[in-house]
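**Student:** Residues per chain, in single letters:
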Amino acid sequence: MTPTRPAADGLSVLDRPNSYIGKTVPRPNLDRLLQGRGQYVSDLELPRMAHVVFLRSPYAHARIAAIDADGARRMPGVIAVVTGRELEAVITPWVGVLAHLKGLKSAPQSAIAIDRVCWQGEAIAAVVATSRAIAEDAMEQIAVDYEELEAVTDMRTALDPTTPVIHGSLGDNLAFERTHNAGDVDRAFFESDTVVEAEFVFGRHTGVTLEPRAVVADWNAAEARLTIYQGTQAPHMVQNIAALHLGLKEAQVRVVCKDVGGSFGIKVHIYADEMATYALSKLLRRPVKFVADRVESFNTDIHARDHRCKGRIAVKRDGTITAFEIDDLTGIGPYSMYPRTSAIEANQVVNLVGGPYVTQNYRARTRVVFQNKNVMCQYRAVGHPIACSVTEGLVDLAAAKIGMDPAEIRRRNLIADDAYPCASPSGMRFERLSHHASLAKLLQMMNYDALRAEQAASRVRNIHRGIGVASFIEVTNPSAAFYGVGGAKISSQDGVAVRLDAQGSVICQTSITEQGQGSESLTAQIVGSVLGVSMERVRVILGDTDNTPYGGGTWASRGAGIGGEAALQAAKVLRGNILDVAAAILQSKPAELDIVSDSIVNTSDGAQRIELSELARIVYFRPDTLPPGIQPELMATRHFVPRQYPFAFTNGVQASWLEVDTQTGFVKLLKHWVVEDCGTIINPQLVDEQIRGGVVQGLGAALFEKCIYDERGQLTNANMADYLVPMSGEMPDIEIGHVVTPTLETELGAKGAGEAGTAGAAAAVANAVNDALRPFGAIITEIPLTPQVILTALGRI
Amino acid sequence: MKAAAFAYARATSVVNALELLAVHGDKAKVLSGGQSLMPAMNLRLLSPDVVIDICDLAELRGIVVKGNVLVIGALTRHVDLQRSADVATYAPLLRDAIVHVAHPAIRNRGTIGGSLAHADPASELPACMVTLDATIVVRGPGGERRIAATEFFKGIYETALSPDELLVAVELPIAPAGSTCFFQEFARRHGDYAIVGLAAQAVVKDGTFANLRLGFFAVGDRPLLAAVAGKLIDVFVTPASLAEAAAALVEELDPHEDQQGSPAMRRHLAKVLLLRCVAALLARPELDTGAAG
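Going line by line, the protein sequences match chains X and W. Be aware that the first sequence starts at 1172, since it is given in my numbering, and climbs by one per residue. Be aware that the second sequence starts at 838, since it is given in my numbering, and climbs by one per residue.
It cannot be assumed that every hint is accurate.
Unchecked claim - Some chain W residues flagged as far from chain X (calculated, every beta-carbon gap over 12 Å):
hint : residue
1    : Val-852
2    : Asn-853
3    : Leu-874
4    : Ser-921
5    : Asp-923
6    : Ala-1024
7    : Tyr-1030
8    : Asp-1058
9    : Ala-1064
10   : Asp-1095
11   : Gln-1097
12   : Arg-1103
13   : Lys-1108
14   : Leu-1112
As the list claims (entries may be wrong) - Once the Cα atoms are required to be at most 20 Å apart in a straight line, the calculated SDA-like pairs of lysine to any residue come out as:
hint : chain 1 : residue 1 : chain 2 : residue 2
15   : W       : Lys-839   : X       : Ser-1597
16   : W       : Lys-991   : W       : Gly-1015
17   : X       : Lys-1743  : X       : Val-1812
18   : W       : Lys-839   : X       : Ile-1250
19   : W       : Lys-839   : X       : Arg-1465
20   : W       : Lys-839   : X       : Arg-1303
Stated by the list, open to error - Label pairs and their calculated CB-CB ranges:
hint : chain 1 : residue 1 : chain 2 : residue 2 : range
21   : W       : Glu-981   : X       : Leu-1217  : 49 to 57 Å
22   : W       : Glu-1088  : X       : Lys-1842  : 53 to 61 Å
23   : X       : Gly-1274  : W       : Ser-1099  : 38 to 46 Å
24   : X       : Thr-1887  : W       : Ala-1085  : 30 to 38 Å
25   : X       : Lys-1842  : W       : Thr-1126  : 25 to 33 Å
26   : X       : Glu-1319  : W       : Val-852   : 50 to 58 Å
27   : X       : Val-1960  : W       : Gly-904   : 35 to 43 Å
28   : X       : Ile-1950  : W       : Phe-843   : 49 to 57 Å
29   : X       : Asp-1241  : W       : Phe-843   : 23 to 31 Å
30   : X       : Ala-1652  : W       : Thr-1126  : 57 to 65 Å
31   : W       : Ala-1101  : X       : Leu-1217  : 37 to 45 Å
32   : W       : Ala-841   : X       : Leu-1217  : 49 to 57 Å
33   : W       : Phe-843   : X       : Asn-1718  : 44 to 52 Å
34   : X       : Asp-1239  : W       : Ala-841   : 55 to 63 Å
Just so you know, these hints were derived from the structure itself, not from any lab. Predicted model only: the values in this text are computed from it and were never measured. The C-beta atom is built at its ideal place from N, Cα and C for all residues, glycine as well.
Excised from the complex, chain W in its bound form (with noise of 0.2 Å):
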């Protein structure tokens, strides 16, 4: 379990690494928080020809409030995302969220940007920025992209970034005053990858949602903001229409069979967790009534 050799470029600023990355492109892999990248590599399921590092360039880390829009620099560690007062003040669903990530240990190096670009399926970050209608910023030669996150993640560790561009930073909206958010994954172990997970944000008028938005992740190759989401918006949501959009979501997904579960499962701990998340989310515990099963 050594890596293959591999030459190392430490970036010294962002024109630097897209320097390095036009010269060696898909040949070069960015080094960030390492988490995912150094196991792989010592796994030889990638050797890359050139890691370029980017821990250095302080201009990408760092949480800041500008207007309607929290900003968070790619670099930014977990750690440093589960510490933020503006973090949990304007997207609290992230801070719901990010104590699901893994391991303290993990969290202390692993950035948001490199778990963005990596775009696990089954991982907490994008199902979160596809939630929260993020915007990633990608800068490249030809200059900066700014990608809606619902356009990001193409499939399995695949996404709209090209091998000669850095993601740089996300920009996620202020969450609206009255907003709520319900955060919660079904994994065998803490820190575990999700066997499913959900992410969403609404906003209650009125014991209705005027707004919602699920999340949905390990339930396809890429994390699945759910239409069925629509059908509950502006209505009087009962146990029978709440059954109805649980059977509808079913038809949306698209699972992957695992170790940890089949596809069947999967559809059926999704309706678990969106029965949950209504109840919870509408403050009606009588909305989770099993009728899942």
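One chain only, chain X, in its complex shape (with noise of 0.2 Å):
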């Protein structure tokens, strides 16, 4: 690791003997999860539990004419088949829109649809039945009378005066625009040497978790409460939605969160069919469980990056960046989704091109159309990766363009290291990155001169292998200005308990959640190293809207940044009120004594006084022993929310190293560097295979991954054979380096680490594939990268 600070003077909070922090230990809840003990809602069982499947419409845009289901009521284990006009009386229906996003507009969006479907895939009726296989075979003999509307399935015709508009009482299919202008692009683009344009396209696809989408929702007529079991990112922003449609007051909601199979953003989202879950179970007075199957997860799912991308540049001979401009397009389905919106990952295209760059000239314009297809809405990286494949991608056909090398091009034009804090041209601030110490590092870890004499070597032999970089930026810790600005009740921020208990263990609630991360694992690190106890004795909850405080959850990187400086703030409160007692109890002053390893010590000579358990054992049972005054308080609760900063950026640069078989067509990935900077590293480990997985899933997109619909806005591979997820068989080795520039906003210093491996990862490869083709005169802009998109590229088809 490169600090790119100098250590404070003294110790801080974390520089104690023992910490955790910066070390790689193991995950507190890896063996349950290895003895089969995790507890995901896909597996739960409850009394009087019944199954829900959905019909789903096969068409991409009908009207619902009939839906006879007399058959399928009448079949032995079936408890109910429910329509939308039905479930509407239980659940009013929402639209996906936040006021901060100006001219976002979408239409009421129900739980199961009413009249109409929009897309193939959605709900038209619910079969409630004893078992999923029972609801299976009911739903066959569900007659539906569908009448074939036109779907508007191209982006590009979307708003062509000819294209059926999908709501009517929208008057088009335009869910958004934002136009952005800064500097004076047209003079830059006039004064400079060379100026170059792509169109970028992005292929839609999705996230693919391991255990789908789940849910069981179970009402409790007695107590008037709902408690809803579900993999979720944010189990508050659930309890708020599901009290809100069903006429609900919040407490008489409960949002149970436990294990979680993957989710990536995928599940950080409302779905239609988990609210017809949670109102199926209100109607029916008994515990609903949903789990989508594969089929369903491909075709409800929310998709992402379906982006078409217009892009320019402007650079001057000797290499400097003069100006960017983007015109970006993207379709999102026939709703924006809720409640996050379908806008945000536009809005962050134009907010992120370009951003790692001195330039402060810059003009965009994105469009968000309505389309009849699956919803498009946040996953992981959002946004960034458009960006960055379109500014990278951008800054390398400059550099050919002008005969300068691909680092020598960023070396000139990314902002210095010692400018900060600045601000973006679209008014992004940065309090501080290390994007010239990063590149550094990056080239020297990949050995790139002796990388660029491999390369040349190989292409005497008719080899072309390609190197291709990519700078990013990545938005991380976001304050109240993502979404509560905007009236979406999705706290930004987190509150962490932590409480000693009798025998001198450590309980800690936290409102950030866990999806494979490792939330339980950064929080059990920081509260032990703060405390001074051992991680063994540091038990996480979390999870449960009942039993953590109240926060935001998991999403945008912002868990260890936010969650884990609550998370501080509450242990060191904690361990001065046990300094308090202790001082109390020893006859001494609390500044004279530390906690270490367990144990009060003086703070003069380590000497050790007493175990914390036997502090405990006084405090809970002989409190008559204590001075007179003294009421101990061993719990303390903190929140935090990032307040200066509306987002903490963090940055990194990410290379590729492949080979184009330049006869097939088909590249193979020989390795991957990244180095990053996401400040304080609680857990490198941790923060490594995060990267990695992030980076496989830009690797995914890069190569693999897509929705493929037909002209009729049919997805024509929702499975797991034809919808090529990235497999290691595949995968380079992902090597990682840090620069650490921590964050002064919070003691703590951590920023975001879980997008930014998906930021850049199909930039590099992108770049790297232009590199190795660059003999033949073929540039691609456009992926993923398959053997017949290369091959046309080259001509041999």
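Put the complex together from the two separate chains, hints included.
**Tutor:** Structure follows, in structure tokens:
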């Protein structure tokens, strides 16, 4: 690791003896998961629990003329068949808009479609039965009379006057448009030496979680309370939304989220079928379980990234980039998702293009259109892969045009490491980034010059290898600026409660959630370090709105930075409280005492004075022996939200080294490097594996993943054989390095790390493929880079 | 994704399996490794009334050499082919091909008989059978039928097997002395079905092909024993004659369009495979000039 800042004088609250910060320690939840004792909603069984399956539209756009479910209703084991019209009495529709996304519009969406379906896969009826298999049998007996309507599928023609308007009340198919103009773009282009432009095309893809979306809703009429067990990233958000649309108080809804089998942003939204499941439980007064099957997952889990973005870059002969300009278009399906909306990704693209670079001349437009396909929304690294691929693709094309090395053009244009604080032309404020330190470290790790030599030597032997570099910035630790200011009841603050129990063990309740990234571990590491107790003594509770403080959850790379800081502050308070009591017991002063390895020790000589378990025994069972006036508080709660910066930006750079078989169009990934700067690193292994996992998802986008729709709006590869997720056999070794620039907004100094890998991986690969193909004069600005695409670009087919 | 209800019968012998098939005919499906059948049933693409499980039929399992023939029981699992010394010695093409069949978990369960009876035109084993001039042995109410592999595959998921018959074994002529083989396929990911593949076996004498069989797969509705091989036998192969053969190959193919590739791409990749194959079998790397492009 390369710290960019000298260590502060003296020990911080984290630089303590036996600190767990910066150490790879095993995750406390590993044994539980490895021994099959995870608590996944898919496995949950409750007494009288019924199973729901949804009859889904085979058409992308159709009027529902009639539904005949009499036969299905009569089948043994069937509890109910419920249509949208019937469910409407229990749950109200919603509109996925936010006030700060000016002009964003969408139409009311119902839990189950009423009268009309707007994408292939939208639910039109719920079949509730005693088992999923029976429900599926019954579903086959439902006859639906559809009148097929013309489907709007191509985003490029969605706004044409001749294209049908999906929601007549909205007037057109434009959901959102944003333009941005900074600096003097026209002049910059006019005065530049070279202008390069290209259209970048991104395939629609999706998250493919190992455990599909799963929910068990249990309405207890006696308590007038709904318990929702759900694999979600944001339990309090689910509580708020469920209550709002079921006509309940939030106090009447409890959301429990234990283990989640993968999420990646897929499970941070509220889906219509989940809303229907809540409502069905209320309607039928019994627990109802919904687990999406794989086909449903492909057809209804949010998709992402379907963008076509025209980009232009202006450069001087000396490599100075003088302007960026983009015109982005994306199609989001028939509704803006709820409650986070489907305009965020396009908005992010506008925010992030050109972000690593000095130039202040930037013009952007993005348009978000409706279409009759599955809904699109936020998925890991929202908008970043688009912005990064466009920016870095343009930078490489410009470098090639003026004959400059791709590393050199970046050196000449990345924002200097001592130029902070500063802001991007889109208004993003940067506290402190480390583009140059990161690039230098990357080039050294990959041995850039030697690799270039190897590339040249290979070309002589008709082996075509390429190097691609991509710098990036990443939004992490979002403040209320992300959702709260737009009116969404999505908390940007998190809370942690820490208490010392009678035997000196620590219970820690946090509002962040765990989907496998290590929230539980990092919380225990921070609490253990700050308190001076061993991690084995720290038990972390998360994922339960009844039993954790109120908070946002885990998304947008916020768990460590925000939830971690709340944990640090809560542990600090508890530590002070413990030392107050210890001083009273030991007739000492708090400042003369410390907690190290589960014991109170003298600050001066480290001598052990009293074990924490003994202190707890006195506090809980012999308070009569404490001096008068002492009321120990062995529980402390703190909350945290970033206020100085709307987002804690991180930065990094990735590189790909690959080989293109120019006869077959196949790409072999040889190696991948990432250098990133997430500030303080709490657990190096967790950070590195998060980045590797993110890179793999980016590589999937680059080479494999795409939801393929036909012109009638049919998703034609909704299965694991035809939708190609990246697999280990095709993955290269991924080497990771760090530069460490802690944020000064928190004592912890941690920024987010969960999405950095995904942000830049595809851009690095695309640049590497074009680098490999340079002798052939072929330029490809489309992903996934399939053999068909590459062979076509090479003119071989 | 739950299969529709079905009856289940575990056959106790081949005779018993044939009795069950005689009763249920095309309303029944035979379960061996289940690697294609079970997903299809869970997706409700198939809803047989009866599943006849033949997994207990030890008489259908095993690899033996009988004279000039390698006999492989229909229930022999892919993993057993992969590990068999007899397969490596007498049918090395099969050994090379088998590691391209899906993934270890699937190879642990999938069987050769199941793969051949399923007849996916993009799968490896049917092409190997055609290349190796295998005989497919089936048993039915009227007794045993022996069908040449070249006659067995009739189309996508279609074979010469009738609903009341059971595929019991395959017989492969032992690879002649001095023969060599070549197996390669283009798949997007390890273990995926091929976009185009080639299973070839040859006898090379004095730098020319004394025999050459080219079994292409995923280029049509069934594995294709390419006639163009004839142009390369008993002649000294030159870049020009190879290019001519490649051009002729394209005429033989009737590839389909799918999400992995257009017909044009499949034709192109088949030509690339032909060049790579001939160059490798003749040990003349210069023949793989990239002229296919």
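**Student:** What are the numbers of the hints that this structure violates, sorted from low to high?
**Tutor:** 6, 7, 10, 11, 12, 13, 14, 15, 16, 22, 27, 31, 32 and 34
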